[in-house]
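**Q** Chains as they are written, first to last, in the numbering used here: chain A, 1 to 222; chain B, 1 to 296; chain C, 1 to 389.
Think of the hints as simulated: they come from the structure by calculation, not from any bench. Warning: the hint list may mix true and false statements.
[As the list claims (entries may be wrong)] Examples of chain A residues toward chain C, derived with CB under 10 Å:
{"hint": "1", "residue": "Ile51"}
{"hint": "2", "residue": "Arg75"}
{"hint": "3", "residue": "Phe86"}
{"hint": "4", "residue": "Asp93"}
{"hint": "5", "residue": "Arg153"}
Here a beta-carbon is modelled for each residue, glycine too, at the ideal position from N, C-alpha and C.
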Amino acid sequence: MISVENLSFRYSATSFRLHVPAFTLGDHERVAIVGPSGSGKTTLLNLIAGILTPEAGRIDVAGTDVASLSDVQRRRFRASTIGFVFQDFALLDYLSARQNILYPYRITPALTLNAEARDRAEALAAACGIGDKLDRHPTALSQGEQQRVAICRALVTQPKLILSDEATGNLDPESKARILDLLFEQASEAGAAVLAVTHDHELLPRFERVLDFAQFRQGADA
Amino acid sequence: MPVLKHLLAVWLFLFATAGATAQEQPRVVAVNHPLQYFAERLLGDDADVVFPVPAGVDPSFWRPAIADISMIQSADLILLNGAGFATWVDRVSLPRSKLVNTTAAIEDQFIVTESITHSHGDGGEHSHEGLASYTWLDPALAIAQAEAVAVAITARDLASAEDVDARLAALRRDLEALDAETAGALAGVANIAIITTHPRYEYLARRYGLSVTALEWEAGATPDEAGLAALRAIIEDKGAQVLIWEAQPSAAAFDMTGALGLRNVVFPPLAHGVDGSSYIEAFADAVSALAGAGSE
Amino acid sequence: MNALYLAFAYLRYHWARSLVLTLVAALILLVPIATQILLSTSERALVARGDATPLLLGSRGSQLDLTMSALYFSDERPEPVAMREVEAIWDSGLAVPIPLHSAFSTAGHRIVGTTLDYFDFRDLTVSDGRGLSILGDAVIGAEVAQTLGKGVGDTLVSSPENLFDLDGVYPLEMPIVGVLAPTNSPDDGAVFVDIKTAWVIQGIGHGHEDVVTAAEVAAGSASVSNAAVVQYQRITDDNIDSFHFHGSQDDFPTTAVVVVPNDARASTILKGRYLDGENPSQLIAPAGVIQGLVDRIFRIKSLLDVVTTIIAVAALAAIGLAVFLSYRLRAREIATAVKLGARRGMVLRLLSAETITLLSLSAAIAAIGAAIVSQNAESWVGWLLALGA
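Using the sequences and the accompanying hints, generate a full structural model.
**A** Here it is, written out as structure tokens:
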């Protein structure tokens with residue numbers, strides 16, 4: 001699914017540097033990324049998603065060389081191939097849960113909002129246990145419910161890859177495991193791979209593989 | 001067939017009404033008979049002349065009903081006598097543009113009667129200066145009024161100026177003849193003391209030098225004791241011989257006054273017309289009756 | 001479509017903020033339009049009334065006061081002129097003079113004593129009841145009927161005045177005998193009586209021994225519309241014959257005289273007669289006076305325009321700031337959208353959809369407001385002019 005080779009990146013304004021010699025993620029694989037703050041975990045996700053462009057190296061996602069795409073192409077690629085789950089959920093207050101789930105369809109011509117998409121949203125919500133709360137606004141939902149909405153939003157476009165950036169970081173310990181299980185369950189049902197940044201070491205056993213970022217940071221310093 | 005007849009009748013009726021409406025004549029309203037007579041003489045068939053006061057009602061004290069008022073308001077010309085005659089015009093709304101005061105030019109010849117004093121709620125006493133109103137009993141003043149009517153008719157284009165001029169000339173001739181005739185007939189009455197049952201003959205008396213004392217009797221009523229006492233006092237004071245009545249009273253009344261040595265004469269003041277005679281004819285008749293009584 | 005959907009959802013969710021922004025923008029749009037409509041309607045109404053009144057005769061003094069009192073029945077009280085002046089114009093045969101005696105009022109509406117010629121001149125028709133017929137009759141304008149809730153069969157009592165300082169003059173109770181059809185002119189707000197009735201109110205004409213006393217009012221045998229009036233006189237069938245006028249009618253007063261000349265030549269001749277500065281009366285053309293007034297109004301209006309512009313700029317700046325701040329608040333949403341693969345320019349689309357939606361709503365409200373204003377402009381202007389008077 002993902003194959004990264006010899007990737008290097010730097011923020012021009014800072015001394016931050018990231019170097020990833022090699023990293024791969026298989027189809028349907030669930031991999032956790034751990035590492036100290038500032039080691040570039042989120043940066044890697046952004047590079048994979050095509051939000052940032054690398055200085056050098058190659059990123060291949062689902063057979064697409066992300067670095068070589070134009071801006072428009074990268075946006076389309078991101079919208080159609082990747083689902084994002086954020087630590088702060090990033091839901092929109094002014095939209096109901098249902099419309100938050102369908103939000104990706106409203107912001108890009110790469111996706112078409114049709115009856116199927118709506119049905120999928122309903123089904124996902126039902127599977128995530130928020131089927132009866134679709135007409136509520138995020139402010140009327142608990143943290144866990146909000147993250148379920150965010151997971152539905154990430155999956156509704158049927159992406160091949162889910163990028164999860166501390167998706168459970170803001171949840172109480174009990175919810176963390178449940179949400180992560182839900183994410184895995186839905187991802188595997190959809191046939192998507194999951195790459196998750198996390199600080200929660202107790203959750204690591206649930207992943208198939210753990211990638212410790214400390215090694216890249218060292219490499220970068222060297 | 002009867003149906004057709006009915007339809008025809010209805011059609012004829014409608015046609016006739018429509019025709020009448022279409023040719024509606026201008027309307028002139030007069031507040032007394034002499035003005036009505038002058039207007040009729042001056043207008044011929046050019047306009048309808050209406051004198052709205054019903055017979056038996058004194059035109060001085062008439063109070064028009066709302067229907068009368070709206071008829072008068074819609075007239076093309078409203079002829080007022082002035083000189084305080086017909087005070088109802090002060091209490092009714094009339095279009096000023098249609099009003100003509102026929103004595104406006106002869107106000108300097110009005111006869112002022114004694115003041116009437118009265119008081120209001122708490123406003124204290126005040127007095128009104130009275131004016132003698134029956135101007136047309138002086139044919140000279142009547143001519144001036146007729147002239148005023150002629151001017152008003154011409155100004156409002158109710159008849160052609162030529163026609164009005166010719167008719168006015170004829171009317172003036174008739175009134176001048178009446179004046180001359182009256183002067184001749186009453187020459188013999190000038191030094192006879194005359195009593196009138198009501199003060200309405202001031203202008204007649206002034207014009208022809210009559211000496212007249214007035215009572216305040218109801219027109220045509222039989223006098224009561226107080227009235228007779230007042231009459232006797234005047235007879236004693238003035239040596240009066242002739243009593244002028246406004247209207248024919250009962251035979252008993254004639255007898256009562258006749259018993260006091262008075263010769264009874266009926267001289268209608270002509271604010272109303274006299275049946276069967278015109279203003280001029282009635283005036284001449286009354287004058288000859290008075291002359292007859294004076295010469296007995 | 002999607003941008004519009006999101007914009008609308010956003011505006012609806014933040015409805016209070018949207019409402020304020022929309023209303024403020026609508027007001028900024030509406031105020032200058034409404035002012036313009038009302039002003040031009042006022043101008044038309046003012047000028048039309050002025051043009052419809054060829055000449056005015058009154059006491060020498062302020063021409064504006066004379067015009068306002070004769071055309072709009074305002075509270076100005078020019079010195080009265082004697083009816084002798086009216087007769088003089090009749091006698092000249094050059095014009096029809098129509099006296100207007102507007103010194104009294106009832107329940108906030110001016111009592112205008114005039115002659116029947118006024119109704120013909122202004123083309124006033126009675127929509128209910130009949131015209132003036134008998135001394136004491138009152139015919140009221142459509143607006144008077146509406147505001148007082150009175151009609152044919154009701155009565156009005158003149159407000160007590162100390163204007164002429166006459167003792168023993170009681171207010172007059174007048175029966176309403178007719179209601180005039182509306183004309184959107186000051187005539188709608190006036191109570192018309194025969195000028196003789198106005199003289200009765202003034203105490204120049206009176207009847208005898210017929211004052212409704214406080215005792216009768218208290219006993220309920222007489223009703224009073226104005227609580228301040230405890231004693232007033234009433235013209236009845238029984239006492240009407242006792243009503244009479246003292247002195248010569250030539251000396252009776254009138255506030256102003258509308259003079260309708262027969263033709264331009266007559267107008268010129270008449271004006272010439274009153275040119276003499278020694279003449280206690282003046283003959284003026286109200287159209288000129290009104291034009292002066294209108295010019296003055298429009299000078300004020302241009303000042304108003306500047307003020308409106310400044311306020312509009314300030315308000316637009318405030319709206320801009322509000323919008324800018326709200327965009328700042330939405331930076332997070334924008335970042336999310338980018339991460340989710342939003343199309344290029346999506347943000348701009350979203351924001352402009354919002355702005356356009358807001359402005360369209362404002363414009364729609366302003367347009368509706370403008371339509372309402374222009375539809376009612378005539379009656380509102382009539383009311384405003386009456387108010388100012």
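**Q** Next step is simple, just say for each hint if it's right about the structure.
**A** A quick look at each hint next to the structure:
1. A least Cβ separation of about 6 Å between Ile51 of chain A and chain C falls short of the 10 Å threshold, and the interface hint therefore holds.
2. Taken as an interface hint, Arg75 of chain A checks out: its beta carbon lies about 5 Å from the nearest beta carbon of chain C, inside 10 Å.
3. Nearest Cβ of chain C to the Cβ of Phe86 of chain A: about 7 Å, under the 10 Å cut. The hint holds.
4. Taking 10 Å as the C-beta contact cut-off toward chain C, the hint placing Asp93 of chain A at the interface holds, the least distance being around 7 Å.
5. For Arg153 of chain A, the shortest C-beta to C-beta distance to chain C is roughly 8 Å, which falls under 10 Å, so the interface hint holds.
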